[in-house]
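A.B. asks: Heads up: the sequence lines are chains A and B, in that order. Going letter by letter, the first sequence gives residues 124 to 210 in my numbering. Going letter by letter, the second sequence gives residues 124 to 210 in my numbering.
Check the hints yourself; a few may be wrong.
Given that identical chains are not distinguished, each listed pair holds provided it fits within a single copy or across any two copies.
[Unchecked claim] Within a straight-line C-alpha distance of at most 20 Å, the following computed EDC-like cross-link-like pairs (lysine to aspartate or glutamate) qualify:
| no. | residue 1 | residue 2 |
| --- | --- | --- |
| 1 | K143 | D174 |
| 2 | K143 | E187 |
| 3 | K184 | E196 |
| 4 | K184 | E156 |
| 5 | K181 | E196 |
| 6 | K184 | D139 |
| 7 | K181 | E156 |
| 8 | K181 | D171 |
| 9 | K134 | D171 |
| 10 | K143 | D171 |
| 11 | K184 | D136 |
| 12 | K184 | E135 |
| 13 | K181 | D136 |
| 14 | K181 | E135 |
| 15 | K134 | E172 |
| 16 | K181 | D139 |
| 17 | K134 | E156 |
| 18 | K134 | E196 |
Worth flagging that the hints you see were computed from the coordinates, not collected in a lab.
Now for the letters of each chain:
There are 2 protein chains.
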Amino acid sequence: MINVLITIQFKEDVLDPEGKAIAASLHNLGYSEVGAVMTGRLIRLTLDESDTARAMQKAAKMCEVLLVNTIIETYDITIEDGEENSA
Amino acid sequence: MINVLITIQFKEDVLDPEGKAIAASLHNLGYSEVGAVMTGRLIRLTLDESDTARAMQKAAKMCEVLLVNTIIETYDITIEDGEENSA
Numbered sequence: 124m125i126n127v128l129i130t131i132q133f134k135e136d137v138l139d140p141e142g143k144a145i146a147a148s149l150h151n152l153g154y155s156e157v158g159a160v161m162t163g164r165l166i167r168l169t170l171d172e173s174d175t176a177r178a179m180q181k182a183a184k185m186c187e188v189l190l191v192n193t194i195i196e197t198y199d200i201t202i203e204d205g206e207e208n209s210a
Numbered sequence: 124m125i126n127v128l129i130t131i132q133f134k135e136d137v138l139d140p141e142g143k144a145i146a147a148s149l150h151n152l153g154y155s156e157v158g159a160v161m162t163g164r165l166i167r168l169t170l171d172e173s174d175t176a177r178a179m180q181k182a183a184k185m186c187e188v189l190l191v192n193t194i195i196e197t198y199d200i201t202i203e204d205g206e207e208n209s210a
């Protein structure tokens, strides 16, 4: 059983209105030291798989076909023991 | 300037319908090896601050007052050089 963590963020030039709203709210609360704020999603899943390389491959495929809108988002896959793979 | 990563997840006994929907969709796509799926949010922000301990404290306060619904969610704060602090 392998634990996979997928973090998904907007590509750099994509507008992130939630991030902008959070930044404005923090400024209103007095946190003037806050600069850029970016939001994203995370998906944590367990895979009934023993090979981490294959788990990584499968997770990447899942990102491409379902989990991530690759037009506007990028993702990182982390296997819980620390390996990482970006796209 | 300190980069702060905040990851927010539902507490363990809170229903995560999006996670369940993702698990069902992955099963439908043939990924029968997928077990539990949990979703969460991530917020990445820059703080105009030099002391990491103080940045961590401020970020925790921001989580408590605005960013996190602490009734149903938990958060982790990571300063980009690796320190971590849970709640």
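A.B. asks: Now look at each hint and say whether the structure bears it out.
C.D. replies: So, going through the hints one by one against the coordinates:
no., hint, verdict
1, K143 x D174, "neither (40 Å within a copy, 25 Å between copies)"
2, K143 x E187, "between (27 Å within a copy, 19 Å between copies)"
3, K184 x E196, "within (15 Å within a copy, 29 Å between copies)"
4, K184 x E156, "between (39 Å within a copy, 13 Å between copies)"
5, K181 x E196, "within (18 Å within a copy, 28 Å between copies)"
6, K184 x D139, "neither (25 Å within a copy, 23 Å between copies)"
7, K181 x E156, "between (41 Å within a copy, 10 Å between copies)"
8, K181 x D171, "within (11 Å within a copy, 39 Å between copies)"
9, K134 x D171, "neither (31 Å within a copy, 23 Å between copies)"
10, K143 x D171, "between (39 Å within a copy, 17 Å between copies)"
11, K184 x D136, "neither (24 Å within a copy, 29 Å between copies)"
12, K184 x E135, "neither (22 Å within a copy, 27 Å between copies)"
13, K181 x D136, "neither (28 Å within a copy, 28 Å between copies)"
14, K181 x E135, "neither (26 Å within a copy, 25 Å between copies)"
15, K134 x E172, "neither (30 Å within a copy, 26 Å between copies)"
16, K181 x D139, "neither (28 Å within a copy, 23 Å between copies)"
17, K134 x E156, "neither (24 Å within a copy, 30 Å between copies)"
18, K134 x E196, "within (5 Å within a copy, 26 Å between copies)"
Checked against the numbered hints listed earlier, the structure breaks hints 1, 6, 9, 11, 12, 13, 14, 15, 16, 17; every other hint is satisfied.
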